[in-house]
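Protein chains in written order, with our numbering: chain P, 1031 to 1352; chain E, 383 to 829; chain Z, 51 to 694.
Keep in mind the hints are simulated off the structure, nothing from the lab.
Beta carbons: idealized from backbone N, C-alpha and C, even for Gly.
One or more of the hints may lead you astray.
Claimed, not checked - Below, computed lysine to aspartate or glutamate pairings styled on EDC-like, alpha-carbon distance capped at 16 Å:
1. P/Lys1342 to E/Asp622
2. E/Lys636 to P/Glu1038
3. P/Lys1289 to E/Asp622
4. P/Lys1039 to E/Glu637
Said to hold, decoys possible - Chain Z is nowhere near these chain P residues, computed Cβ spacing over 12 Å in every case:
5. Pro1036
6. Trp1040
7. Lys1083
8. Gly1159
9. Glu1196
10. Ala1267
11. Gly1271
12. Thr1275
13. Trp1306
14. Lys1342
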Amino acid sequence: MAVEIPKEKWTAQVRKVTIGATSEEGGTRAKTLTVGGESALPFLHYEGSFPNKPALAVEIRDRKPDDWSPLLLDALGETAEDPAKWAQAAEAMGADLIYLVLSAATADGNPNTPENVRAVVRKVLDATGLPIAVVGPGQAEIDNELIVPAAEEADGERVLLGVCEEKNYRTIVAAALAHNHLVQSKTPMDVNLSKQLVILINDMGLPLERIMMDPTTGALGYGIEYGYSVMERLRLAALTGDKMTQQPMIVDPGAEAWKVKESKVGEGVPEAWGDWNRRALNWETLTATTLIHSGANIVILRHPENVARVRKVIDDLSSATT
Amino acid sequence: MALTGLEIYKLLPQTNCKDCNYPTCLAFAMKLAAKQADLADCPHVSEEAKTKLAEASAPPIRLLELKGSEGEFQVGNETVLFRHEKTFFNRCGVFLRLQDSLSADELKEKVAEADAYHVDYVGIDLYLDGFAIEAASGDPKTFGAAVAAVAEKTKRPLILLAATPDLAKAGIEALDETRPLLYAADADNWEAMAQVAKEAGLPLTVRAETLDELADLTGKIKEAGVEDLALDPSLSGYLDSLHKLTSLRRLALKENFRPLGYPVITFPGSTESVDAAILAAEQIAKYGGLIVLDEFDPSTLYALLVLRENIYTNPQKPIQVQPGLYEINDPDENSPLMVTTNFSITYFSVANEVEGTGRPAWLLVADAEGMSVLTAWAAGKFDAERIAKDVKTFNVADKVPHHKIIIPGHVAVISGELEEELPDWEIMVGPREAVDIASYLKSMWTT
Amino acid sequence: MATHSVTFQPEDKTVDVPTGMLIAEAARQAGLEILQPCGGQGRCGRCAVIVEGAGVRRRSTIRLSSEDVEAGYALACQTVIEDDITVTIPEQERVERRIVTGRSVRKVELPFPYDPATMQPVRVSQLHLHPPSLDDNVDDLGRLKHGLSELGISDIELPLPLLRSLGDKLRQADWQPWIAFEMIGEEGSGRARLMEISAQAFDPLGLAIDIGTTTVTLYLVNLTSGEVLSSAAEYNGQIAFGEDVISRIVYATKGDGLHQLSARVRETIHELLTRVQKRTGIVQEHIFKVLVAGNTTMIHLFLGLPPETIRLTPYIPAANRVPPYSANELGIEAHPLASVECLPGVASYVGADITAGALSSGLVDSEDLTLFIDVGTNGEMVLGTRDWMVTCACSAGPAFEGAGVVDGMRATKGAIEEVWIHSDTHEPTYRVIGGGKPRGICGSGLISLMAELFVTGAIDRGGRVNLSLDTPRVRTGNHGPEFVVAWADETETGKDIVLTNVDVENLMRAKAAIYAGYHVLARSVGVGLEDIQQFLIGGSFGQYVNVEKAIQIGLLPDLPWDRFEFLGNTSVRGTYMALLSRQAHSRVDKVSQGMTYIELSADNTFFDAFTGALFMPHTDMSRFPSVAKIWQDGNGDEVQDEQK
């Protein structure tokens, strides 16, 4: 019996977004990263085209973080002491994008300064040829204060700036407009809110080709199903022609998975949780791969081993030969 | 195609007689459309309507039931492709594979350990669904003994991986009063395997390399009298699994293609060069039915069982966060304590604002059944009693000896009652909107 | 370049203008001013003129119907001159009339031909009794009964106070008494309840009362002629104890709360009754029937029933259908024996106001798929036909009634009821009910203002005031960013009239809840909004609601305008109908039993639809193609993508 494989006829595709600019494009990056462009649900090669694979971003910090799991700090070793080294290490791990998160305060407890931000951004840009993202610590006032100098310092590099949220996006979008960057539009796990912020940012004059959509996710066991479904719904809407859902999606399984007890804590937890290190690695990986299946175009990771582990899955899924 | 409530209503008597215990015929019809009511509850429905409604409600993926000496397991009956449409129905099974090449003692030890595995996830007890015993020896006697050994240590459902009729029979004979799944009939042995399954009244797995062959085989086996089937589409790796399982689910649901409307069994550890944990996770999200693991490793099993729980939750439940006392920016005993509900968007907006202030704080997330502050208050789910109860449940007093609690401005009205419920506490009324938290803390929290 | 001669009427002024000039510009050259509140964007339609001759090209006719164009209407700001023509500039007032959709509710007309003999159970009839004598020594009551039997009354209920005064009254009337009674029981059963015996003739009166969460409305009705003698409306005195039903319920559970709330609404009714009594000079004792509608909570509070269970799952009211009580028991200043009856409700959040509205809106007779919406503090709606109905309720808040908005007010004298904003200068033009200085903004004014602020870019799609506009009208006030609609020197109060960001948020929530409500309701039975042939809208927005504006803010779906009809207060109107006719009353009973209530909080589809609608006009602009077009005209290229 010849079974006819059912295929969906989608009418639209995900928008292509390119992060980073080479010297020809007015920047200094050795390569750029383009995501999006697919015209079917993830990896269903038989019903659409997939010009770009999902990409991996690796999170680095402007200084050694105080609150990361010891498992992560052990794995990173001394690279975590210096953003330039860290960026190089991330490149060596196989990152497609360096995701630089700025701290609210410096190691000695003083507020972070625009001068320091400029220096760090410069260092990272010099240390790696990869495209970069620069995001603030997530506090509206401080974000605005730190992202503007970062945008100026990286003028023309088509950096992904973040994080734009509904309550605080105007300053960051203005900085992106002024210095030819992109923005990360982040909303709390809701299809409509995702669209709304993209529309508001776009209404400020930033082209859709410069907006990455971050629908937010929870880690495995901590709300991943909501993020998963919101992403699936956004992608289905995108493929059926809803323009404002067609932004490629970036999510942060690294940050989410590494802040939960399962990854952070090794003692005083149930025996049934199993080996701490393996469990923590699984937590980040499975959060990431599950989200890739629901449509993520960029996942942000933290652990070096997981970058390789997830890379292999993406490569296997992206080979159209089977 | 499923009928809408209005279409079903037109088949009902339209008398609003209430004999079905619904207030109107339309209410009953809408419950039927949502598959939350039984047509038999209407004593007045016509035969014609019964026939039409029955056709519309046959499940596109046949239910498969397995039984151990105590445990039961069901899979199938799925009705949607995406979990946001409607809850995925029956959780896919997670089984552990063991070979009969192990000695009886080794088997017993392994089974006992895995069988005893229980882990608590937000109050839900997670465990393995059963065991698959593989006749690696090829010897019916050895296999029978292995099955008996396993059955001695677990009461959960079993899968008998026995590729010949003799082996299958030996396995079946070693068990009584249970309903294991037989594995597997293929193009070569299907007649004999179907015979065994039919005689024993057991469900049978059908295995083939391609979906074409698979559909051929299920047709023949069904004709031979075995209706309860599982499918093994011989998967090789992440992409093959995604493609084949997506096609199978779509064929069943969208084309109502009966020859392939059965649950799927997978062996994620069988493909070399593939990370079994990642493939198993993919199959949990994308249409696996019975997932047979080769290794018992709690650090993986816990993650997979949690993922399955997440994927199979009811998507229509409001998005909730776990009630509890949350730490923001590393609070200490002098940090302010705020309370809000466990509706995710409420929680996120409050938590983000507090985080954004850069100030350490405690956030008590009360169990308001996933409703926002005002809705929960309106429905009596976020009142003084509830807050006081959660203050106790989560031992908040130990963490914040200052005994001051900030309640959302929208529920200022409950402050008096809360004072009664928490007599040694000071109740502070916070801002109505999360966006004003920063300025509120700046002016009201000076310690 | 060719020039053409253009003559303007009625001024009879002629100018020569080059080909391609706009009529508006030509008028200016002729020294005439055509009002263009929207700034010549072709949005407001106020500059419509009548062109004689075919020598024009209409760039846009967006505000005109095809009949208008046929009749020669053209928008002066959108029409270029290509030949010699004559242009008539109509009086501004006439233009306004033409563009306002909706119908006046000022005068209450009889809803149907009224025949009290077959419809009205409350009557006053004169009996012609034989005076008793030594030969005819039947007792007074027997004599009365005999007289009543000639009216077809075979069985009576006679309240004790009336029996006590029976003898006196019959004799005072010299055995020719006027009897006020109400037919009760099954039709044709001949049962009547006597209420009054009088020596004088008089017309029986009735009251139809709608107790809204925010507004209470009362009609005084002559039950003989059926006409409404007077009507009055006032804010519900309970507002002081909370703006919405939930707050009232909570208040009712505390101490003396229920008693207080119950007393407050009685006071409001008393106040309204006094007002109509003064206007008409009627005698309150002639009121023999009081019919009350309202949402379930309001009915509970009116009757003094504890409402607590209404708000708690599974949301069960004490009673959806209550028997009649006497005016005396309920403290209504009518005849003490007058019956006071509440129309039946369906569920905790779908009350008698909706069953009454389903009647008066005509939904109960409709063969076409019809949606009836009552936009009040709770947005309740019913979808269906004469054969089936589904209903739901959502909490909209009182914003469209003018409450909960800084300068909001009821639709009475001094309320701004319509606003236009110039797209370049952002200067508003407004119309005030009664024509004097404005005191505030009513529901229709708020809808129109929101729409104008949106299409002119003064608020963004998320509803935030755009502070970067170059006009003193946008500023940061005590309540955050706001838009000044009227400066202090133009207003009655001597204070600026503003719309704040918080007001906009409240209005957005209200319109989003209503949109989400009917969206989910339609989905629940598997129909699309476009399948709905009639949208019947009740509520106290104001005299007129401009359909186009209501669509622009996303309160109503983007469908042909002729599908919408604004009906004003449908609840009091339905109550009035049921007061007039027992047949209408029993229709309401039947409707209340056949409606299927959909609980929106049962799952998150409503919430999803709500957040989608919490944007201007909706997150999904493609659902509002006509708005997209206007918005696109006023905004840059970036947004054009969106509508493809």
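Going down the list of hints, with the structure as the test:
1. P/Lys1342 to E/Asp622: Within the cut-off at roughly 15 Å; holds.
2. E/Lys636 to P/Glu1038: 10 Å, holds
3. P/Lys1289 to E/Asp622: Judged against 16 Å, a Cα distance of about 33 Å means the pair is violated.
4. P/Lys1039 to E/Glu637: Measuring from Cα to Cα gives roughly 15 Å; hence the hint holds.
5. Pro1036: Check passes; 24 Å lies beyond 12 Å.
6. Trp1040: The assertion about P/Trp1040 holds, with a minimum of 16 Å to chain Z.
7. Lys1083: 26 Å, holds
8. Gly1159: Its Cβ never comes within 12 Å of chain Z, the nearest being 32 Å, so this holds.
9. Glu1196: Check fails; 7 Å does not lie beyond 12 Å.
10. Ala1267: 9 Å, violated
11. Gly1271: The claim breaks: P/Gly1271 does not keep its Cβ more than 12 Å from every Cβ of chain Z (closest is about 8 Å).
12. Thr1275: 9 Å, violated
13. Trp1306: 36 Å, holds
14. Lys1342: 37 Å, holds
Of the numbered hints given earlier, the model fails hints 3, 9, 10, 11, 12; all others are met.
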